[in-house]
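So the protein sequences, as listed, match chains B and E. The end of the first sequence is residue 360 by the numbering used here, with every number in the run present. The end of the second sequence is residue 291 by the numbering used here, with every number in the run present.
Don't read these hints as lab results, they were simulated from the structure. Just to be clear, a hint being listed does not mean it is correct.
[What the hints assert, rightly or not] Residues from chain E that keep clear of chain B, each with C-beta distances beyond 10 Å, as calculated:
hint, residue
1, L95
2, W113
3, A256
4, L271
[Claimed, not checked] Calculated lysine-lysine pairs in the DSS-like style (CA-CA distance at most 27 Å, straight line):
hint, chain 1, residue 1, chain 2, residue 2
5, B, K335, E, K174
6, B, K337, E, K118
7, E, K32, B, K335
8, B, K271, E, K118
[Unchecked claim] If you anchor each label on the Cβ, the simulated ranges turn out as follows:
hint, chain 1, residue 1, chain 2, residue 2, range
9, E, A176, B, A326, 23 to 29 Å
10, E, N126, B, G46, 46 to 52 Å
11, E, K32, B, E175, 58 to 64 Å
12, B, R128, E, K32, 19 to 25 Å
13, B, M172, E, P125, 26 to 32 Å
Bear in mind the structure is a predicted one, so any value in this text is a computation, not a measurement. Just so you know, even glycine gets a beta-carbon here, dropped at the ideal spot from N, CA and C.
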Amino acid sequence: MRAMNKLKGLNRTARKNYLTYALVIAAYIILEAMMRGGGMKAATKGMLVPICAYIVMALSLNLTVGVMGELSLGHAGFMSVGAFCGTAATMCLRDSMPSAGLRLFIGIVIGAVAAAIIGFLIGIPVLRLRGDYLAIVTLAFGEIIKSLVGNVYMGIDQGHLKFSMFTNELNMSPEGKIIIEGAMGIRSIPKIATFTAGFILIMISLVVIFHMVGSRTGRAIMAIRDNYIAAESIGIPAFKYKITAFTISAAMAGAAGALFGNNYSSLIASKFNIDTSILVLVFVVLGGQGNMLGSIIAAAALTILPEALRGFADYRMLMYAVILIAVMLISNNAKIKDILKNIAEKRTAKQLAKGGASDE
Amino acid sequence: MSFLNYLVSGLSLGSVYAIIALGYTMVYGIAKMLNFAHGDVIMVGAYVCFFAFTRYGLNPFISVILAMLVCTCLGIVIEKLAYKPLRAAPSLAVLITAIGVSYLLQNLALLFWSSNPKVFNSIIPNKSLDLGGLTVSYITLFTIAVCIVIMIVLTTFINKTKLGKAMRAVSEDKGAAQLMGIDVNTTISVTFAIGSGLAAIAGVLLCSAYPNLTPTTGSMPGIKAFTAAVFGGIGSIPGAFLGGLMLGVIENLAKAYISTQISDAIVFGVLIIVLLVKPAGLLGKRAQEKV
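With the rest of the complex left out, here is chain B (with noise of 0.2 Å):
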């Protein structure tokens, strides 16, 4: 009871904060003992892992495009510098550390690390464009990672890395491995992540965000988000606060891919092309901008819709679009939008008569 009420006495933002934590670890159980029972098919337990790391992927762009209110349009440049530098990671320790988790950890710090420090790096030129053009300038930095990381080669021989660009001349000895191969990417990666990494990483990514946005970073970039001139001239050093959101969203991206990566056999760069971008973007629009519960829940739905809509073969990606079309049309419509309101406005109305739980 006193845990109730001490419920009750939470803002409507933390009350949303332990749903969200809930929802997430009830979702874990539930779906770790239907494997553990065996009910479930092959192709579903194989969609696990890829969902956590579209989630991740899902919860970094809300981030930026949600809480910052920037659109990016090259977020698959991050999850593709964490994806090969996590997975080379794990690949190259796969000899001195025999212990699987321990190496997924190692190559998932990895990839976020790299992908933050690039994130970090395009940031500083990005965000002080706005707008559409900073959108349109995302999308040139991931179609440049994208290009660049099709073009590296690197090899491990005797302990040593060996790096080429745009020629596989690694000069290295009989016994050196080869370990990313221009455009053919990694090949035979022994598969270690797993549906508990990504819950995981699901966790600490929530954890992070909730943090930062009920912080002073986060309450600054939202205001700057609000009225970048209003901000500024209460002297809110927008630059700073935009590349510490920026940078963590990019580090978030980088771990995600670096759990997407060990967790194929095979991994090229132009899987990470606009078109995954604007994949991510789906999710977060239609989980609603800034809503993480949301993000989470339009990726896993989404991920597994063109699985579902297998049945329709040929037809399934025209059901797809269909599907996204219509979502956007009917929810944006003003008649539903309205009754929505009133419906809200009642509630309000019925909270305020009954002088109980206020919101703030």
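Fit chain E to the known structure of chain B by using the hints.
Relative to the frame of chain B, chain E by itself:
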């Protein structure tokens, strides 16, 4: 091949980009939306022309007109069904809808025409002109000429006609234009119609030069042309022309002298540098922010 050769073929590719970019820039100027489905309208135009010209052997001129008609209607229908209901919606919702339309067109094309590449016959005889050491194919010259004609006609239309004036007014201030008695909805429809008609021409020219036609043919040129529009200053018609030509030339020279694999990276790199120096693009107007 000499530098001049690369330059001319770059100008030809750039002309195609410029024609596509005109569609992007006009729609952006008037509806303030990034029409991501524009690249797929190009693909539809190319398919219509392919069937009319290569399969049924119609006159090339009639085939192109037919492609333009189909694309114009398509543009109007897309605008009426998908974008018009969202006129008051946040811009991201419109963007996602445009992406949905793009997927829809690609997948419809996949269903009707399958993913097997079609070999597009050039609408212009496949011959070259020898200009004292410089060999230029007819299609290259034709593309550049078409682009210049379109540019002149469009500029005259925008500056001299009543409808053009209405378009300029709507792009400046929708509300005020409506108060002056301009039919905003019709004006936007006309803009979409013109943009889509131009896309059909671009599709035919693109496939005449690069004869491989698949349902995703339009997407990469679409993105590049969008880049070109931003490069020149989005919303500006001379900007789209200049941006398209420059992008084509840079891409071709990068392919010739640096590396084919990273020519795209170089194109996008130049775009980034231009935007950092001139944040509104080469010929874009910098909007004053009012407090």
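List in ascending order the numbers of the hints, as given earlier, that are violated by the structure. 1, 4, 6, 9 and 13
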